[in-house]
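S.K.: Heads up: the sequence lines are chains A and B, in that order. The numbering of the first sequence is the working numbering, which starts it at 1 and goes up by one. The numbering of the second sequence is the working numbering, which starts it at 1001 and goes up by one.
Please keep in mind that the hints were generated in silico from the structure rather than gathered at the bench. Hints may contain errors.
Far from chain B, by Cβ distances over 10 Å, these chain A residues were calculated [to be verified]:
1) Gln-13
2) Leu-35
3) Leu-65
4) Thr-118
5) Gln-120
6) Ala-159
7) Phe-160
8) Thr-168
9) Leu-179
10) Pro-228
11) Arg-297
12) Arg-323
Covered by chain A, according to a simulated footprint, are these stretches of chain B (three or more residues, beta-carbon under 8 Å) [as the list claims (entries may be wrong)]:
13) 1054-1067
14) 1080-1089
15) 1201-1211
Glycine included, each C-beta is placed from N, C-alpha and C at the ideal position.
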Amino acid sequence: MTLLALLQDYTVQTVLAGAVLLGLTSGVLGAFAVLRRQSLIGDVLSHAALPGICLGFLAAGSRDLPSLLTGAFLTGTLAAVTVLWLTRTTRLKTDAALGIVLGIFFAAGVVLLTYIQTTQGAGQAGLDSFLFGQAAALLRSDLWIMGGVTAVALILILAFWKEFKVATFDPGFATTLGLPVLALDLALTVMIALAIVVGLQMVGVVLMTAMIIAPAAAARQWVDRLGPMVALSAGFGILSGVLGAGLSAAGRGLSTGPLIVLVASAIVTVSVLAAPGRGLLWAVLRDRRAARRLRARQVLLTLDRLARDHASPGFRSDEGLLRAYHGTPPRRALARLEAEGLIRAVPHGPEDHRHWELTPEGQTRVNEFRLDGES
Amino acid sequence: MTSAQAALHEPELALHIEDLTATYHRKPVLWDIDLDIPPGVMAAIVGPNGAGKSTLIKAALGLVKPVAGHVRFFGRPYGDMRREVGYVPQRSSVDWDFPTTVVDVVTMGLYGQLGWFRRPGRAERARALAALEQVGMQDYAARQISQLSGGQQQRVFIARALVQDADIYFLDEPMAGVDATTERAIVAILKGLRDAGKTVVVVHHDLQTVRRYFDWLVMLNVRVIAQGPVDDIYTAENLRRTYGGQITLLGPDGAP
C-alpha cells in the first residue's frame, strides 16, 4: 500500500487520530506526574483498571465500551485512593504501597479475566486485548470519548496553570497561599486516571504507564521551563503515537501499542544520551575535557617544581623524568602545552631524550595557578 | 459573622498559641504549647533534634493539623491572616531540579494574592525583581534554579516570602548549610525586617549565635521550656532543661 492509500484507509485514520489524542493527553499530564515524582501512580492506575474492565463487562453483559471504561475508572481510582490511605495511615512508604496495591488489583483482574474467558468464551469476550491494546479495534465513536478527555485535561491545565505549578513545586508553600492543594492533587490524579483509561484500548494496561512517563522524562532533558517542558512532552507523545501507529500500519500485523511505546522509549534514549547540558554524552565529554585540562596543569606545575628544585628558572626537564613523576607518559599533555605555547622542546647535551622548558608565557601561567592555590 | 466582626483574641500579640498539641503516629511531638510572641521582635525557636521546632511552625500555619489548641495572629485565626504571614520552608523540602527560573519562584509568592485565572504580569514581575534585589540576587533572576548554590537557594526562598509583604515571617532553619557570608546576609535581611516593624520567627539550630542575632527566645523540647527576651531566658539552667546532657557540647562562646 502506498502512503497515500494508507492515509485514506478508514481504520488507519482512526488509529492515527487516536494515537495523536493519546500522545497529547498523556504527554501533558505525564509532565506533571513526573515532576511530582508520581510516575508510578500511572502504573497502578492502569493495572488496576483491568478488574474494572472485567466487572464492567460482567455488569453490561457485553463488550460495551462506556461500561468497560466506567469500571476501569472506578477500580483505578479505588486503587489510587487505597495507595493514599496506606501511606497516610500506615508506615508503608509510597513505593511499597504502590507495589502492593498494583499487585492485588492486577491479580484480581487476571482472575476475573480468566473467569470470563472460561464461562463466556475468549473470542466472544475479547477482553484480553486490553492487556496489550488493540488499536485496530478503535471506533470513530471512541475518538469522541478520547477527544473529550483531552479537551477537559487541556482546559484544566491551562486554566489552573499557576496553581498546578506551585502545588507541584512546593505543596506546603502553596497551602500557605490558601490554595486547595488537595483538590488540585485530586483533579490531576483523576485526569491521569481518565487519560489512562481511554488510552488502554490502544496501548493496554501493561504498557500504558510508559506513555505517561516517557514523553515527559524525555522532554525534561531538553528544556528548563515548565511551559516548554509540557509542550515538548505533548509533542513527543504525539510523535510517538503517530510514528508507532504509522509503523504498525505499514508493517504486517505488528501491534500498534507496543510500537508506540518503543518509539517513545527511543526518544527517551536519545534524550538521555544526547540532550545538550543534561545528556550523558555531553557529561562524559565535559569530564574528559576537564581531566585533560587538569593533567596539563599538573604537568606544567611539575616542570616549574623541577626548575625550582634545581634553583634554575630555565631548567630543562627530561621527558623521562616527567614520565616517572606522573606514572604514565604525559605525551598528550605535553603536546597540548606545546601547542598553547606554554612550553617548548629543547635539545640537551648528549642525551637523546626530549627535554622541555617553560616559555615566559608558561611561567606566567604557573604564577597564576600558584596565586589561585594560595587564595 | 464575618471575620472583621469576630471578637479579637489577644490582638496585641503577633503570635498567640494556646494549648497546642500535635501528634505523629499517636506520639505527641508538641505537648500543650502556650506561646506568645510580641510584635516587632526577632525570635528564635531553639531545641534539640526532634523537639518539634518545625512542627510548631507548620502547626501555626495549618500545614500540620493539631489535635488540640488554637493559634492567633494579631488576634485573628490564620485563615484571615494568610496575606500577613510569610513562610520560608526548609530549602531541602523542594526539588531544586524543577524546571523553572529564580524570578518565577519568587513570583509564586504572589499567586495567592493574584487569585484564580489571573496570570502574573509586569507588575508582579517588578515586585519579584524588587524582592530579589532586597536579598542581593537580582543578577540571578533569569537563572535556572538547579544552578544555584545552597545559600542562593535560601535567599531565593526568602525573597519569595518578602514579595508577599507580610507582617510576620516564619523561617524554618534558614541558616542551615549556608556559608558564613550568606548567613551574615540573611541575618542582615531579617534584622532589616524587624527594624521595619515586622515580626520574625526563626527556627534556629546554632546556640552560639542566638544572643548575637535574636532579641526573643523560645526554648522548645516537645513542651515550651522557656520563652521571653533573650537576655532573661538564655541561662544555663534553661539550656540544661531544654537540651539535657547534650549541653556539654556547647563551646565557651555558647555558654551564658
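S.K.: Determine for every hint whether it applies to the structure shown.
M.R.: Cross-check of the supplied hints:
Consistency note on Gln-13 (chain A): stated as away from chain B, and its beta-carbon is indeed over 10 Å from all of that chain's, at 35 Å minimum. Consistency note on Leu-35 (chain A): stated as away from chain B, yet its beta-carbon is not over 10 Å from all of that chain's, at 6 Å minimum. Taking the minimum C-beta to C-beta distance to chain B, about 34 Å, the non-interface status of Leu-65 (chain A) holds against the 10 Å cut. Here Thr-118 (chain A) stays apart from chain B, with its beta-carbon at least about 46 Å from theirs, past the 10 Å limit.
Once the 10 Å rule is applied to beta carbons, Gln-120 (chain A) is consistent with being away from chain B; the minimum gap is 48 Å. Non-interface status of Ala-159 (chain A) relative to chain B is broken: a Cβ of that chain comes within 10 Å, the nearest being about 6 Å off. Listed as a non-interface residue, Phe-160 (chain A) fails to keep its Cβ farther than 10 Å from every Cβ of chain B; the least gap is roughly 8 Å. The beta carbon of Thr-168 (chain A) is not kept farther than 10 Å from every beta carbon of chain B, the shortest such distance being approximately 8 Å.
The non-interface label for Leu-179 (chain A) is inconsistent with chain B: the shortest C-beta to C-beta separation is roughly 7 Å, within 10 Å. Look at Pro-228 (chain A): its CB is around 8 Å from the nearest CB on chain B, not clear of 10 Å, so calling it non-interface is violated. Annotated as non-interface, Arg-297 (chain A) keeps its C-beta farther than 10 Å from every C-beta of chain B; the closest such distance is 24 Å. Once the 10 Å rule is applied to beta carbons, Arg-323 (chain A) is consistent with being away from chain B; the minimum gap is 40 Å.
Only when three residues or more bring their CB closer than 8 Å to a CB of chain A does the claim for the region 1054-1067 of chain B stand; here the count is 4, and the claim holds. For the region 1080-1089 of chain B, the assignment as covered by chain A holds, since 4 residues bring a beta-carbon within under 8 Å of that chain's beta-carbons and 3 suffice. For the region 1201-1211 of chain B, the assignment as covered by chain A is violated, since 0 residues bring a beta-carbon within under 8 Å of that chain's beta-carbons and 3 are needed.
Of the numbered hints given earlier, the model fails hints 2, 6, 7, 8, 9, 10 and 15; all others are met.
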